[in-house]
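With the sequences and hints as input, model every part of the structure.
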Amino acid sequence: ELKVEQNPLFLSMQEGKNYTIYCNYSTTSDRLYWYRQDPGKSLESLFVLLSNGAVKQEGRLMASLDTKARLSTLHITAAVHDLSATYFCAVEPQDWAGGTSYGKLTFGQGTILTVHP
Amino acid sequence: KAGVTQTPRYLIKTRGQQVTLSCSPISGHRSVSWYQQTPGQGLQFLFEYFSETQRNKGNFPGRFSGRQFSNSRSEMNVSTLELGDSALYLCASSLGQGIDEQYFGPGTRLTVT
Chain A
101 ELKVEQNPLF
111 LSMQEGKNYT
121 IYCNYSTTSD
131 RLYWYRQDPG
141 KSLESLFVLL
151 SNGAVKQEGR
161 LMASLDTKAR
171 LSTLHITAAV
181 HDLSATYFCA
191 VEPQDWAGGT
201 SYGKLTFGQG
211 TILTVHP
Chain B
293 KAGVTQTPRY
303 LIKTRGQQVT
313 LSCSPISGHR
323 SVSWYQQTPG
333 QGLQFLFEYF
343 SETQRNKGNF
353 PGRFSGRQFS
363 NSRSEMNVST
373 LELGDSALYL
383 CASSLGQGID
393 EQYFGPGTRL
403 TVT
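Just so you know, the sequences run in chain order A and B.
Those letters in the first sequence? Residues 101 to 217, per this note's numbering, in order.
Those letters in the second sequence? Residues 293 to 405, per this note's numbering, in order.
Please note that a few of the clues may not be correct.
[Unchecked claim] The list that follows gives simulated cross-link-like pairs (lysine to any residue, SDA-like), each with its CA atoms no further than 25 Å apart:
no. : chain 1 : residue 1 : chain 2 : residue 2
1   : A       : 141       : B       : 374
2   : A       : 141       : B       : 373
3   : B       : 349       : B       : 311
4   : B       : 349       : A       : 126
5   : A       : 141       : B       : 356
6   : A       : 103       : B       : 347
7   : A       : 117       : A       : 164
8   : A       : 168       : A       : 194
No lab work stands behind these hints, which were simulated from the structure alone.
Shown next, in the form of structure tokens:
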């Protein structure tokens with residue numbers, strides 16, 4: 101069974117600081133997604149990482165994927181209050197026939213990020 | 293392009309009742325996946341439909357069922373509701389083929405009393 105673990109689960113940061121959220125997963129996959137969720141809201145797609153070594157950046161967020169280590173990171177640079185939210189990574193397992201997982205994403209527990217002035 | 297829509301947005305039901313939730317995917321998307329989100333269990337996959345066929349199913353009891361119509365709209369049904377079914381139910385749509393990103397709807401907040 102695929103397991104996805106994020107750490108830390110809670111992150112309290114000061115504005116202007118940098119930090120990294122880690123996402124480890126337990127089985128072969130080269131498809132990893134990062135989502136943001138604001139309280140009471142749905143999931144907003146941040147990044148889609150589809151190959152080993154993939155790196156994507158949007159504003160103060162940068163995500164990377166190391167499929168050999170089964171690890172993805174979400175790096176926050178110079179945090180601002182607007183980044184306060186819960187961040188999820190999700191893995192789409194690769195079936196052995198090389199096909200798709202048919203819509204099944206396995207999510208990490210989520211990291212609750214709070215940025216203080 | 294309109295996003296994924298879900299109805300109703302909020303629902304209060306009593307234990308033992310049943311409920312039907314609806315999801316309309318993004319135009320052109322043929323795959324709809326359903327997820328349950330609770331504070332204790334997090335986000336869990338329920339099932340996925342593509343072209344009216346269930347292609348994948350998570351580890352939920354048979355009280356949870358779904359279907360998809362020819363226009364790709366999907367419904368999920370929960371029978372004999374339990375208190376533990378209180379959750380945010382999210383649906384996501386995608387093209388359903390190849391490397392495929394899922395786009396999530398706003399969710400239906402179900403409260404079982």
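How the hints compare with the structure:
no. : hint          : result
1   : A:141 / B:374 : holds (24 Å)
2   : A:141 / B:373 : holds (24 Å)
3   : B:349 / B:311 : holds (19 Å)
4   : B:349 / A:126 : holds (20 Å)
5   : A:141 / B:356 : holds (23 Å)
6   : A:103 / B:347 : holds (21 Å)
7   : A:117 / A:164 : holds (19 Å)
8   : A:168 / A:194 : holds (14 Å)
In this structure, none of the earlier numbered hints is contradicted; all agree with it.
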